[in-house]
Amino acid sequence: MSGNMNLTLKVWRQKDANSQGKMVTYPAKDISPDMSFLEMLDVVNEGLIHKGEDPIHFDHDCREGICGMCSLYINGHPHGPKRAITTCQLHMRSFKDGETITIEPWRAAAFPVIKDLAVDRSAFDRIQQAGGYISVNTGGVPDANATLIPKVVADEAFNSATCIGCGACVAACKNASAMLFVSAKITQLGLLPQGQPERYRRAQSMVAQMDAEGFGSCTNTGACEAECPKEISLTNISRMNNDYLSAKLFREEELHHSSGE
Amino acid sequence: MSLDGKVPQGPLADKWSKYKFDLKLVNPANKRKYDIIVVGTGLAGASAAASLAELGYNVKAFCFQDSPRRAHSIAAQGGINAAKNYQNDGDSVFRLFYDTIKGGDYRAREGNVHRLAEVSVNIIDQCVAQGVPFAREYGGLLDNRSFGGSQVSRTFYARGQTGQQLLLGAYSALNRQINAGKVKMYTRHEMLDVVVVDGHAKGIVTRNMITGEIDTHAGHAVLLCTGGYGNVFYLSTNAIGSNVTAAWRAHKRGAYFANPCYTQIHPTCIPVTGDHQSKLTLMSESLRNDGRVWAPKTVEIAEKLQKKQITAAQVAEEDRDYFLERKYPAFGNLVPRDVASRNAKEMADEGRGVGASGLAVYLDFADAIKRLGEDTVRAKYGNLFDMYIQITDENPYKEPMRIYPAVHYTMGGLWVDYNLMTSIPGLYALGECNFSDHGANRLGASALMQGLSDGYFVIPYTLGDYLAKIGPKKVDTSHPAFAKTKQDVLDHVNKLISLKGTKTTNEYHRELGHIMWEYCGMARTEEGLKKAKGMIQALKADFWKNAIILGKNEEVNASLERGGRVADFIELGELMVDDALMRRESCGGHFRLESQTPDGEALRDDENFAFVAAWEFMGENQPEKLNKEELVFEAVHLSQRNYA
Chain Y
1 MSGNMNLTLK VWRQKDANSQ GKMVTYPAKD ISPDMSFLEM LDVVNEGLIH
51 KGEDPIHFDH DCREGICGMC SLYINGHPHG PKRAITTCQL HMRSFKDGET
101 ITIEPWRAAA FPVIKDLAVD RSAFDRIQQA GGYISVNTGG VPDANATLIP
151 KVVADEAFNS ATCIGCGACV AACKNASAML FVSAKITQLG LLPQGQPERY
201 RRAQSMVAQM DAEGFGSCTN TGACEAECPK EISLTNISRM NNDYLSAKLF
251 REEELHHSSG E
Chain U
1 MSLDGKVPQG PLADKWSKYK FDLKLVNPAN KRKYDIIVVG TGLAGASAAA
51 SLAELGYNVK AFCFQDSPRR AHSIAAQGGI NAAKNYQNDG DSVFRLFYDT
101 IKGGDYRARE GNVHRLAEVS VNIIDQCVAQ GVPFAREYGG LLDNRSFGGS
151 QVSRTFYARG QTGQQLLLGA YSALNRQINA GKVKMYTRHE MLDVVVVDGH
201 AKGIVTRNMI TGEIDTHAGH AVLLCTGGYG NVFYLSTNAI GSNVTAAWRA
251 HKRGAYFANP CYTQIHPTCI PVTGDHQSKL TLMSESLRND GRVWAPKTVE
301 IAEKLQKKQI TAAQVAEEDR DYFLERKYPA FGNLVPRDVA SRNAKEMADE
351 GRGVGASGLA VYLDFADAIK RLGEDTVRAK YGNLFDMYIQ ITDENPYKEP
401 MRIYPAVHYT MGGLWVDYNL MTSIPGLYAL GECNFSDHGA NRLGASALMQ
451 GLSDGYFVIP YTLGDYLAKI GPKKVDTSHP AFAKTKQDVL DHVNKLISLK
501 GTKTTNEYHR ELGHIMWEYC GMARTEEGLK KAKGMIQALK ADFWKNAIIL
551 GKNEEVNASL ERGGRVADFI ELGELMVDDA LMRRESCGGH FRLESQTPDG
601 EALRDDENFA FVAAWEFMGE NQPEKLNKEE LVFEAVHLSQ RNYA
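Protein chains in written order, with UniProt numbering: chain Y, 1 to 261; chain U, 1 to 644.
Hints in this document: simulated from the structure, not taken from any laboratory.
Sample of chain U residues lacking proximity to chain Y, with all beta carbon distances greater than 12 Å (derived): (1) Thr311; (2) Ala312; (3) Gln314; (4) Lys474; (5) Glu620; (6) His637.
Quick list of in silico lysine to any residue cross-link-like pairs, SDA-like style, CA-CA up to 25 Å: (7) Lys503/U x Ser32/Y; (8) Lys18/U x Gly139/Y; (9) Lys96/Y x Asp393/U; (10) Lys31/U x Gly56/U.
Note that CB positions come from ideal geometry on N, CA and C, so glycine has one too.
The task is simple: from the sequences and hints, build the whole structure.
Shown next as structure tokens:
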């Protein structure tokens with residue numbers, strides 16, 4: 001097909017968490033501009049497999065921009081050069097014939113490399129497990145319309161709730177701070193009436209876990225917001241700081257893991 | 001053999017409440033003596049794991065993704081139905097039940113569907129209590145919209161990301177129980193077999209996808225919540241990782257596979273552009289509220305459009321065929337999914353398709369923009385249009401969208417009774433993984449409903465009954481059945497690893513997909529299906545000779561993971577073809593060319609095919625045995641679906 005491109009890829013290859021990694025150069029030939037970035041990697045990998053070489057490992061799943069599994073640091077940007085999209089929605093028409101593309105994993109101490117371009121983001125799950133929820137059992141809840149929620153509040157909570165937990169914010173931040181991610185959940189639940197009883201406790205627990213995981217602190221650079229595929233706003237961080245400060249000054253609770261019994 | 005679905009006796013409306021009362025209970029102090037295994041943590045799995053842990057059971061949950069939040073439930077766009085009648089427009093539990101039975105073309109089980117409609121009301125309450133930010137009106141009450149196949153507004157939604165918000169709600173409930181120590185979560189683990197002890201499911205075998213370690217886990221019951229198998233078609237709207245392996249391996253251990261040929265083809269997907277394509281993207285059905293579907297009237301005009309000699313705008317009004325409006329004036333562009341899909345394919349088959357491949361029809365917003373203004377259209381559909389622009393590099397505000405049907409959801413799955421138990425006692429299947437609630441065609445906004453219904457409100461009751469009956473006596477992994485099953489899995493993995501042929505597993509998968517789409521897709525014939533069967537058998541034999549699997553088991557090995565899944569898809573593909581061959585009728589999205597009305601609509605054969613086909617595995621390379629569960633309709637009369 002005419003209009004196809006030939007590219008050079010510089011890819012981070014790392015056998016596993018304990019091995020030393022290095023950049024390796026691969027040609028990517030006859031690439032259609034209609035391919036997504038991940039499909040381009042699929043094509044390169046098919047070629048590698050045919051040659052008996054270990055394919056490049058990367059995380060991906062829904063390829064619709066919503067599951068948050070795909071990552072990739074492309075030419076110095078999480079999810080590549082375009083704003084507000086995930087890597088799976090990045091298409092090769094955003095690149096030029098003959099271009100060299102550098103592909104690296106997310107770089108953060110709290111996200112250790114698993115293999116090549118895939119990293120372990122389970123720290124994010126542990127932060128959510130520390131308090132990113134409303135404590136309610138199944139059944140025995142009030143009718144959904146018994147709790148009135150103004151439209152503007154529901155919309156604002158929704159904006160925060162759209163975080164896909166991909167980790168681009170951490171990857172973009174010079175301190176590898178997770179504050180945009182953590183603040184999005186704190187804001188969503190902190191805005192809603194259902195989230196009030198645990199609001200300050202939640203801020204304390206999640207921040208404590210975030211620190212324990214080794215994420216850095218926020219210096220208001222704004223790279224996280226600029227690189228977030230879902231355009232989560234920095235305002236969330238202000239809200240989180242507010243709740244955290246209120247908790248520390250006025251409502252500090254002793255945190256312990258509930259026994260569940 | 002005739003199968004018993006165990007639907008309780010008595011009036012439809014009282015079945016579930018009476019049944020719940022009759023079920024045995026496990027007392028709270030005894031619940032901690034039971035261990036439950038949950039495989040898959042999407043809507044069904046996460047809600048089940050959380051609810052069972054809340055009750056006091058010890059839960060071990062497994063998913064192949066790096067986090068339960070990635071489950072493919074997250075991609076659902078449109079909404080979730082519930083018979084709340086908040087709109088005062090005449091909705092009721094019975095109406096939701098009725099619409100679902102009719103929409104499923106009378107191939108679903110009445111008792112299950114009525115329960116689903118009953119429970120739908122509780123689901124919304126539950127999700128709101130968890131902080132799911134559903135759309136609201138200015139007065140603070142929940143907003144609703146209507147969706148394909150119904151005449152009332154009963155769909156609750158969170159913009160175009162309802163699945164995401166519902167899954168994150170269930171994920172948060174799951175996280176709470178992980179924190180409480182009642183759920184132990186295993187991510188990046190793939191289930192490769194079920195362990196059956198004295199005829200009961202007592203555990204699973206998993207592979208740790210980081211280290212390759214093959215491990216066994218024991219429990220009093222095993223819940224499969226592993227989603228659908230649409231990826232058998234290679235290209236589908238499913239996530240790349242969605243696979244049938246857990247369900248298929250369970251099938252080979254004795255769980256019947258029901259109605260495997262029931263696949264939903266969704267009409268509004270972005271068309272395929274080339275062989276490199278890895279998946280298809282769905283555009284929300286809501287677009288058909290304002291977009292008009294058309295194809296050029298003649299093959300000549302279509303060819304000019306395909307070669308880009310003319311643009312869509314240059315096609316005169318009288319040269320356009322608004323085929324849905326023409327054939328179905330009452331429903332127009334809003335006919336159900338199966339009808340819209342079949343008609344689009346007919347256009348392409350006649351040579352009247354558009355786009356470079358000719359495999360597309362137009363979804364045109366020009367009239368809507370003229371009528372409503374571009375700003376209004378942008379407010380309603382802006383995010384969908386943006387997504388379309390991103391993928392196709394075409395601007396739907398200026399030229400019509402190209403759409404084509406794609407595989408979306410599978411209504412077949414493991415056979416379960418009213419308790420959601422498979423034909424292996426102690427093995428359950430929830431959500432898309434089972435077959436029970438959607439019949440031959442799934443209505444919009446009812447997949448999310450079933451996942452959460454099964455997980456939050458059905459399994460906590462029905463599982464207790466089984467557990468109370470078997471008692472808390474532990475089976476542990478020292479039982480010889482565990483070592484034996486683990487060895488079987490290791491043998492299978494080693495067999496895969498030893499394949500050093502010339503063709504990648506991806507190439508086999510693509511080939512399988514072509515066969516399935518061509519012969520077991522939207523329209524099927526006896527002749528085509530017979531041909532497909534031979535082709536799949538040949539593909540299977542070739543796979544085990546010529547596939548390439550690189551590397552070793554004891555490492556991160558995507559090629560091994562994929563190889564195992566593709567091998568299972570090939571086997572399932574053959575069963576789907578057998579099932580389609582046997583079913584000499586058209587129903588829902590399953591269209592047998594030999595069975596149609598004079599107008600070319602799907603013609604059911606209730607006399608001979610009002611049953612669930614539950615296939616029983618009889619050994620490698622043996623024909624499977626057909627078991628039938630007769631479908632009994634007490635509350636609705638079977639009638640021909642007609643949208644003209």
